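Going down the list, the sequences are from chains R and X. The first sequence begins at 0 in numbering that gives the first Met the number 0 and counts up one residue at a time. The second sequence begins at 0 in numbering that gives the first Met the number 0 and counts up one residue at a time.
Hints were generated in silico from the structure; no laboratory data involved. Some clues are possibly wrong.
Stated by the list, open to error - With a cut-off of at most 30 Å between alpha-carbon atoms, the simulated DSS-like pairs for lysine-lysine come out as follows:
1) R/K33 <-> X/K2
2) R/K2 <-> X/K2
3) R/K33 <-> R/K2
4) X/K33 <-> R/K33
5) X/K114 <-> R/K114
6) X/K114 <-> R/K2
7) R/K114 <-> X/K2
8) R/K114 <-> X/K33
In this text the structure is predicted, and so the values were computed from the model without any measurement.
Protein chains: 2
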Amino acid sequence: MAKFERHVFVCTNQRDAGNPRGCCNPNGTAELHKQLSQAVSAAGLKTIVRVNKAGCLDQCEHGPTMVVYPEAVWYGGVGAADVAEIVQSHLVEGRPVERLRLDDACINTATCTHKPRPPASTP
Amino acid sequence: MAKFERHVFVCTNQRDAGNPRGCCNPNGTAELHKQLSQAVSAAGLKTIVRVNKAGCLDQCEHGPTMVVYPEAVWYGGVGAADVAEIVQSHLVEGRPVERLRLDDACINTATCTHKPRPPASTP
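The following block holds chain R by itself, in its conformation from the complex (with noise of 0.2 Å):
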């Protein structure tokens, strides 16, 4: 064996539901990071690709958020319907999920096309 050819990092930090920022893990459950880990299994990937708990990631804005590592590949809003195509399209196939790619423009800033979050509309 050697290193992981792709190791995951799923956040599953929790803030206050009021939070401004917002949460990848608004339940704490960390669903996200048990349905990765589950389909990566399945997939039969588990000896080559890691699917970890990570703390704040920091690019709350945009979550649920993601990173695949070593190619540096963010994901952001991922949800459960999202996930087997993410195993299958970027883990088994090499072919990251463009519709869920978090622009190079849109990490580590104070303000972006996602940022700030718009209030959460109202019925």
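Chain R is already provided as a structure; the job is to place chain X on it using the hints.
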């Protein structure tokens, strides 16, 4: 701003004191993460290097462990006394600290020169 130039993940997982695999964060204070984070700030690297908490990196027998991406350099047996050298040599000057580096052959393997971990010597 853009992606971090380096992204450091420090294992802050806790195991029971008697766990034969050992533990990267035995007293639960994530002290190594805190020390690295403070040293990175003091070195003026905060906007380009992120020091992140991570869940179990699964290299427990080599702990305390950390990994630096995108170069995928793994360190094991890291303590407070190593923090300044890691920051200056690796994160400032780009030269990994070879004496702390985990060999590829020691990662994701059931046996290596560190495994199984020898029993703690008794006084």
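Check your understanding: Given the hinted pair R/K33 and R/K2, is their alpha-carbon gap at most 30 Å?
Key -> Given pair R/K33, R/K2 holds - Cα atoms ~22 Å apart, limit 30 Å.
Exercise for review: Measure nothing beyond the straight line between the CA atoms of R/K33 and X/K2; if it is 30 Å or shorter, mark the hint as holding.
Suggested key: Holds, at roughly 26 Å.
Practice item. With a cut-off of 30 Å on the C-alpha distance, tell me whether X/K114 and R/K114 pass. Key: violated, 47 Å
Review point. Taken at face value, is the distance from the CA of R/K2 to the CA of X/K114 at most 30 Å?
Key: The given pair, whose Cα atoms are some 16 Å apart, holds under the 30 Å limit.
**Study point:** Given hint X/K33 paired with R/K114 - CA-CA distance at most 30 Å
**Key:** At roughly 28 Å apart (the allowed maximum being 30 Å), X/K33 and R/K114 satisfy the hint.
Check your understanding: Within a Cα-Cα threshold of 30 Å, do X/K33 and R/K33 meet the stated pairing?
Key -> The given pair, whose Cα atoms are some 27 Å apart, holds under the 30 Å limit.
Check your understanding: Straight-line Cα separation of R/K2 and X/K2 no greater than 30 Å?
Key -> holds, 22 Å
Review point. Do the alpha carbons of R/K114 and X/K2 lie within 30 Å of each other, as the hint requires?
Key: Holds, at about 16 Å.
Hint compliance for this structure: hint 5 alone is broken.
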